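Residue numbers (our numbering), protein chains in the order written: chain A, 1 to 475; chain B, 1 to 743; chain C, 1 to 178; chain D, 1 to 244.
Keep in mind that a hint or two might mislead.
The calculated DSSO-like cross-link candidates involving lysine-lysine, where the alpha carbons are at most 27 Å apart (straight line), are [what the hints assert, rightly or not]: (1) A:K294 with A:K373; (2) A:K417 with B:K721; (3) A:K336 with D:K76.
Derived by calculation from the structure, the hints in this document are not laboratory data.
Computed from a predicted model, the values in this text were never measured in an experiment.
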Amino acid sequence: MSDNKHHAGHSHEEHLREKHLMLDPLPRGQMNDMVMESMLEKPTWKFWVVVGFLSFIVVYFLFFKWGVLIAKGQGEAGVMRPDYWGIFLVNTVFWIGISHAGTFISAILRVFRAEFRRPFTRAAELMTTFGLVQAGFSIFMHMGRVWLAYWLMPYPNQRMLWPNLHSPLTWDLLAITTYLLSSTMYLFLPLIPDVAMARDRSTGWRKTFYKTLALGFRGTEGEWTHLRNAMNIFAFAIIPVMFSVHTIVSWDFAAATRPGWSSTIFGPYFIVGALHSGMGAAVAVLAVIRGTMKHMKYFIRGEHFDAIGKLMLIISMAWAYFFFNDYMVQWYGGDKWTQQLLHFHEAGPMGWMWFAMLVCNIVIPWAILWNPKWRATPWLVATVGIIINFGMWFERYIIIPISVTINRMPFTWRLYKPGIEVPMGIGTLALFILLYMIASKLIPLIPVWEVQEGQMAHELKKFGRETVVSVSELE
Amino acid sequence: MSNKFSRRDFLKLAGVGAATTAILTGCGPASRFVKREPYMQMPEYTYNGLSTYYATTCRECAAGCGLVVRTSQGRALKVEGNANNPLNLGKTCARGQATLQGLYNPNRVRGPIKHTRGERLYTADANPFQDEFADATPNMDWDAATQAVADALKNHKPEEIAFLMGMAPDHLFDLVTDLAAATGINAPVRFGALSMFESRATLSQAAENLFGHGGLPLFDVGGAEVVFSFGANFLETWLSPVSYTRGFAGLREAKTKQRGTFIQFESRMSSTAGKADEWMPIRPGTEAMVALAIGKLVSDARGITVPHAFSDVDPVVVASRSGIALATLQHLAGIFANSTAALAIPGGAALGQSNGLAVAEAVLALNALAENFGRHGGVFFSALAPNQTEYQRPASAREMQEFAQKMADGKFKVLFVHGVNPVFELPASLDFKNALKGVEQVISFATFPDETAFESDYVFPDHHSLESWGYQRVVTGPAQSVLSGAQPVVSPFYDTRATADVLIAAAQLAGGEFATALPFTDEVEFLRSKIAPLMEEKQSFFSAPDLNTFTAYFQQYGGWWKTSDGRRVPNTSNALGREMSPAEAKFAGEGEFFFVPFVSPTMAEAGANKPWLQELPDPTTTVMWNTWVEINPVTAEELGLLDDDIVKITSEAGVLEVPVYRYPAIRPDTIAIPFGQGHTAYSRYAEGRGKNPADLLGQHFNEAGDLAFAGMKVKIEKTGKQQPLSRLESIMGVYGVGLGEEK
Amino acid sequence: MTEPKAVDLLAVFPDLEPAANAIEHLRSIGVHDECMNVISGIPVTEAMLGRPHQWTNVPRIAMGGAMLGFGAGFFLAYITPYVYPYPIQVSTQSFIPGPPTVVVLFELTMLGMLLSTFLGVFLDSFFPNYRPMKYVPEVSDGKIAILVECSHIEEQKVTDVLKKMGAESVKPAEAQHL
Amino acid sequence: MAIELKISEVKMSAEQSGKWGMVIDQDICTGCQACVAACAMENNISFVGEVDSGYGRSMHWIRIERFWEGEYPEVKMTANQPMLCQQCGHATCEPVCPAFATVHSQAEQLNLQVYNRCVGTRYCANNCPYQVRAFNWRDYKRPEPLSNQLNPDVTVRRVGVMEKCTFCIQRIHKAQDVAKSEGREVVDGEFTTACAQACPANAITFGRVDDPESLVSQLMKQSHGVKHLEELGTLPNVTYFKGG
């Protein structure tokens with residue numbers, strides 16, 4: 001079928017079709033079937049082994065250890081004076097960062113009609129939601145008396161107290177809640193037509209499942225109109241929310257009276273950093289999906305990796321810019337504590353991490369992503385993505401536990417040695433992957449209707465001798 | 001400044017107020033104890049939330065500071081200084097503050113126990129944070145206990161009975177002394193590790209040699225302008241730290257004159273030296289010659305004929321030997337010479353050397369040169385405490401050696417031990433533990449299950465000091481003659497009994513001359529018999545028509561003292577005329593390092609069983625919960641040592657493995673280890689924690705019979721093992737270690 | 001619009017073009033726009049089918065939600081500080097902090113708006129709705145279905161038009177469980 | 001109506017310089033740790049054991065800092081510096097707590113820590129430039145019968161709660177109550193904090209800084225008084241006299 005057509009002619013036109021999903025349309029029915037198959041295909045034993053392994057990690061490292069932490073207190077973790085904040089918050093920031101890619105791809109790219117986004121908006125959106133779940137977990141792990149976490153909720157209570165709106169943490173709470181809810185809804189809306197499709201071609205419990213999710217969607221003009229409107233509103237409105245979330249997270253640090261932290265550039269710096277790690281994670285996830293799930297090679301192609309690769313390169317440059325900007329200003333300020341801190345970053349016991357951060361976030365992406373051919377190589381770009389995520393995790397680690405080592409009271413300086421945080425952090429990662437694997441079996445990862453919409457809009461057009469891709473505005 | 005004093009006066013008043021509460025609360029002789037009531041049913045005089053304050057005396061060391069203890073519903077809550085007491089004027093040291101952790105220590109001897117030597121008195125691995133009942137259960141009642149003591153007394157010849165007692169409390173010492181005097185049993189021997197490290201014998205001996213009669217010199221630091229201290233760590237544990245600290249504050253604040261200058265000669269910077277304007281890292285053993293040299297240079301500077309005492313010393317030689325440049329010596333001499341109120345203090349490690357006596361004499365001679373005797377900011381003889389005819393110094397180490405020898409030779413059949421823990425405190429080489437084997441019956445009155453109690457046949461626990469009656473003579477510190485009074489602030493927590501009561505009862509049982517020797521119904525009656533004579537005294541802080549009221553006041557105010565200055569002026573006629581030898585000290589054992597043990601300022605000899613004292617950072621190293629050896633960073637580098645590396649220290653007497661603290665303020669040829677840790681018993685907080693430098697000490701004494709504890713040389717070798725010391729300070733922030741290479 | 005003996009037809013077209021024509025002809029034979037409804041697997045705009053503009057309340061509901069959210073934010077930021085038993089002062093910051101207020105207002109406004117947008121979709125399209133409905137699964141294969149519900153024009157005529165316009169199948173539509 | 005009233009109160013207190021203050025003379029502080037012990041005894045501070053105390057988890061409310069200057073033999077120990085909560089007028093720890101667990105007291109002009117509101121985000125400690133806040137990393141228990149010495153006027157903190165020096169607020173209140181019952185003002189020096197009371201060198205002076213007559217105010221007038229990290233605008237209420 002499609003394959004032989006691909007490898008048939010080698011004319012420029014054929015080449016273009018081969019390259020671009022949008023120019024390589026298949027009947028909608030066939031695409032539906034492909035997506036359904038990818039979802040319904042019987043999991044191999046490997047799949048179950050992985051699921052089992054991950055579930056064990058989640059149960060033991062995440063929940064059991066958490067129980068220990070609650071029972072014994074934060075002393076189980078590596079935190080102390082002056083490192084009152086540790087890996088838990090590193091992970092919080094890290095996961096929130098990951099979650100930004102989803103919104104970026106499915107909202108910003110949608111607003112700007114970047115067509116290559118179409119096949120993987122959902123995959124990205126899933127990342128957002130699942131990532132935020134991990135962020136939430138991590139921040140609760142951090143609390144000394146997590147059983148009282150509900151005290152931070154604004155509701156009338158017998159304590160006659162409302163949350164302290166002066167505190168960046170309260171803003172965090174509001175922002176993250178908002179972001180989690182809205183990104184989940186934003187994940188769900190475009191999903192409706194696809195589950196409706198799945199509903200029409202499934203039986204048994206899945207039928208009921210999809211039927212319930214589809215809410216009785218038929219695809220009447222009215223339904224489509226409401227959906228379209230809603231999605232447009234979301235696409236525009238969720239962008240500022242996304243920006244606000246990580247800006248506020250950055251304020252947790254920027255608002256503090258600490259050398260190295262009180263920096264006005266932290267907001268954008270963090271956002272770019274978030275996108276940096278987010279894109280890296282997204283591309284890695286895509287590569288896995290493409291590699292492991294049936295028919296995905298049709299939907300996710302080199303062009304997509306190439307496109308995301310470009311974004312990664314740009315973002316990496318932006319990150320470098322902000323990093324240097326921050327560094328330069330801190331360095332120039334000449335405050336002795338900041339000087340000490342910068343010195344500690346580079347030459348201190350964790351100096352290797354500082355340099356590793358630069359290598360992972362700048363050197364490697366730049367060295368590889370400039371090349372279109374490499375950029376179109378899924379495994380390569382995915383590797384870069386993973387490396388970037390290491391780099392960005394390092395960055396957060398440097399900003400939090402390493403930076404708080406240096407304060408204005410040298411008598412208290414101490415180096416942070418992680419404890420129970422490490423297994424619990426691994427637990428969050430496992431949970432993220434686990435959720436994703438389960439989701440991949442339950443909901444269509446490819447928004448078929450969006451793909452078809454796109455394919456309708458694309459065509460090859462002849463200008464003189466040259467055949468070029470042209471897109472027509474449907475709306 | 002006047003305000004400060006006015007404030008201090010106010011505190012006094014407050015104290016009186018507190019004390020007044022005490023008498024109101026019926027703690028006169030009428031009621032002996034305050035019962036510890038459940039919170040539901042309180043004694044009639046306590047109101048919910050209202051505290052009752054009792055004045056008593058601190059027994060963490062022998063200085064005899066007055067305390068006012070806040071109690072509530074029969075529980076002791078907080079220890080404050082007694083503002084009335086001229087010794088400490090309402091102040092306390094850290095150890096005093098932590099007394100309560102002794103009172104409520106989870107490992108106390110809970111009642112009379114007959115036990116086989118070497119047997120444990122509490123379970124070994126009791127969790128420091130859980131309330132585990134970890135103590136040996138009493139296996140006999142007090143009647144049996146008293147009987148046992150009585151038998152021990154009457155079934156042996158008087159010369160076979162010996163009493164070994166601590167520096168506190170004095171009333172018990174007096175009681176035993178009376179007993180001994182009347183019955184011919186051996187006079188009680190007193191000893192304490194602090195007194196050993198203070199070299200008290202040397203001090204009074206030197207005073208005797210110079211001034212004709214012995215006694216404990218009192219150095220009026222507060223009044224001086226220039227203070228030269230030769231090893232005296234008077235801000236830590238030396239003699240009477242609280243009052244000397246107040247003196248130091250006076251020296252510094254110096255409202256009426258210039259801010260006083262303070263110079264410390266010491267091979268290792270103690271926390272006292274840390275407060276000095278100049279620290280002279282003097283080569284151990286050269287203190288005497290340095291003192292003499294300064295004396296000579298001062299005389300030169302003053303242009304007077306060099307007194308005989310300083311005549312045969314050559315500053316140039318001294319400079320080369322002591323490591324203090326001649327210029328510096330002259331500069332120091334200048335400071336000393338130009339001051340109208342210069343003061344020189346001998347003490348600490350300087351005296352604990354083979355030539356300790358010479359050092360003490362030389363330094364006292366400096367004072368003679370400064371002509372400060374009996375002058376404001378000068379040297380006095382401490383005021384004798386009431387009911388004290390002359391200064392009774394504790395046993396010197398050599399006397400303890402003889403004592404131990406007698407024990408080993410089986411001269412003693414019965415040994416009573418109270419208030420002292422010789423097995424831990426004496427040098428291991430003296431092997432007191434084995435000497436005990438020569439004694440048929442060892443009866444310990446220990447409150448805590450200490451090493452000596454472990455080696456006893458009977459443990460008849462005395463009350464904790466806060467549960468006890470008594471008094472303590474203030475041997476030095478204030479101008480007045482002071483007797484600090486002690487009274488129970490809470491009822492005994494366990495089935496303990498006052499040793500005085502036990503002895504009195506036992507004496508009655510023993511009958512005969514014992515009974516006549518102690519004709520008292522109990523401890524309190526004995527106390528009153530001792531206090532009664534004070535009623536006749538003139539210029540007393542308070543007076544009363546009858547003994548009951550007098551005793552009541554005695555308890556309220558926490559003692560009795562005169563209002564007049566009781567300090568005596570030494571006769572210095574021939575102080576400078578004596579021959580003084582600038583000879584260097586001789587050091588025992590081969591090895592390249594001078595070994596300086598010093599008493600831990602926060603722990604002292606008996607603090608190790610109090611968790612909060614363990615968690616107090618050492619003033620100089622901020623190390624908590626452990627023992628360390630201080631080594632100069634340069635030396636450490638030569639030996640390839642880093643912080644926390646365990647080194648093996650070998651002296652002629654023993655071997656010790658201690659983690660290293662690279663201490664920037666110690667001579668490269670010297671190492672120092674704090675004394676106070678390294679217990680093999682003494683509660684879950686002390687046992688197995690740190691090391692005891694006494695294990696390294698050999699049996700060498702100075703001319704006065706004090707232990708030459710600083711007179712040894714030791715070898716160091718790296719073991720390759722490590723043990724992280726927990727410090728409060730940040731190695732990064734304070735020493736720049738682990739911050740990355742220098743900018 | 002469903003009367004007992006109403007003609008209910010469901011025509012399935014392979015593509016957009018014929019469907020659009022069909023709609024045009026139906027209109028010409030007098031079938032009102034209200035009587036027609038298009039079911040499609042992808043969002044096709046009214047313009048493509050030459051259909052009248054579709055009315056939606058989502059934007060208004062969103063606006064309303066935004067206002068509610070703003071109200072909530074306002075309550076948090078400006079009212080709650082006064083419902084404490086005593087004024088709680090932190091540092092020397094003003095009782096009602098300026099910039100943080102903006103943050104709170106913003107977040108809650110957005111939250112309100114997005115929640116209500118989501119809700120709006122439900123309200124407008126009567127979600128969730130698990131009652132039987134007139135529907136053909138082929139729609140999700142990209143086919144375009146036209147649902148004609150008329151009583152005033154005879155069935156045969158409509159069927160012919162639809163057939164003529166290239167409907168793959170024209171059959172009476174009966175509601176089924178999706 | 002009532003609301004305006006409250007606002008004005010807040011405004012006023014915000015402008016006030018502070019009420020209780022402390023002066024510490026580093027020149028005579030001998031670092032003897034008496035204040036540390038006294039503080040622990042007065043305020044029911046738990047000990048944490050060797051390992052935790054070595055890992056920066058000791059809970060001292062007051063610590064004595066000392067540094068070194070120069071190399072042997074010219075090495076000097078810097079003047080001991082007792083560091084405790086500076087009871088800032090403009091405290092950086094207060095606004096960042098999401099639960100209002102650390103707030104500025106209207107009455108005492110102190111920096112309060114409300115234990116039972118604390119949820120343990122540890123932001124306050126992180127944001128304290130003086131690093132004087134102590135966190136209950138574990139449930140450090142006192143074995144019986146040590147708990148008999150617990151001060152009934154001071155809350156015993158449990159795991160997960162932040163704590164810090166309170167200027168012995170329980171003593172302040174006691175003194176105020178007594179004074180009130182006797183119908184008078186609290187007299188300067190009538191009471192003092194545990195640390196000041198114990199200090200053998202009398203290096204710590206505590207009192208009313210808003211009363212020009214008080215000893216502490218007079219000392220503060222002296223030229224060589226320093227306030228730590230004043231440049232951060234924290235308005236600390238502890239003045240230090242540097243050594244030498």
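So, going through the hints one by one against the coordinates:
no. : hint               : verdict
1   : A:K294 with A:K373 : holds (24 Å)
2   : A:K417 with B:K721 : holds (21 Å)
3   : A:K336 with D:K76  : holds (22 Å)
Taken one by one, the earlier hints all hold for this structure without exception.
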